[in-house]
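*Asks:* Sequences and hints are given; from them, build the entire structure.
Positions 15 to 87 (the numbering used here) are the ones given, in order, by the sequence shown.
Hints may contain errors.
To be verified - Estimated spans, in silico, between C-beta atoms of each pair:
1) G34 / H58: 35 to 45 Å
2) D80 / L55: 18 to 28 Å
3) A84 / V39: 11 to 21 Å
4) D66 / V39: 16 to 26 Å
5) A41 / N75: 14 to 24 Å
6) E61 / H37: 29 to 39 Å
7) L43 / D66: 24 to 34 Å
Keep in mind that the hints were calculated from the coordinates and are not lab data.
In this text, a Cβ means the ideal position worked out from N, Cα and C, and glycines have one as well.
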Amino acid sequence: MLSLMDTVFGRLNLSAPRTGFLHRVDAALALHRSRTRLAALDAHLLEDIGIDQGMAQCEANRPVWDAPTAWMK
Numbered sequence: 015m016l017s018l019m020d021t022v023f024g025r026l027n028l029s030a031p032r033t034g035f036l037h038r039v040d041a042a043l044a045l046h047r048s049r050t051r052l053a054a055l056d057a058h059l060l061e062d063i064g065i066d067q068g069m070a071q072c073e074a075n076r077p078v079w080d081a082p083t084a085w086m087k
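*Replies:* Laid out in structure tokens, this is it:
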């Protein structure tokens, strides 16, 4: 069992996957931020990553629960 000192000094073992409620909320917020930033990119930057404005807006308008399961691991 980990002691309070282990958690305070960062020796917490995070090797197990985080699947709790807070992790899911954090992942959803991160996905929302990512999609919002994608929608804000200009045409030149979108061209650099190989998509157009329509594709970016389509992705940005998807709800946060509509994400591949691999992204949530």
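*Asks:* Determine whether the Cβ-Cβ distance between D80 and L55 falls within the hinted range of 18 to 28 Å.
*Replies:* Given about 20 Å between the Cβ atoms, the range holds.
*Asks:* Honestly, do E61 and H37 meet the 29 to 39 Å range at C-beta?
*Replies:* holds (34 Å)
*Asks:* With respect to the beta-carbon atoms only, verify the hint that L43 and D66 lie 24 to 34 Å apart.
*Replies:* holds (27 Å)
*Asks:* I want to verify a distance hint. Is the separation of the beta carbons of A84 and V39 within 11 to 21 Å?
*Replies:* holds (19 Å)
*Asks:* Go ahead and decide if the range 14 to 24 Å is satisfied by the Cβ distance of A41 to N75.
*Replies:* holds (19 Å)
*Asks:* Is 16 to 26 Å right for how far apart the beta carbons of D66 and V39 are?
*Replies:* violated (32 Å)
*Asks:* Do G34 and H58 keep their Cβ atoms within the hinted range of 35 to 45 Å?
*Replies:* holds (40 Å)
Of the numbered hints given earlier, the model fails hint 4 alone.
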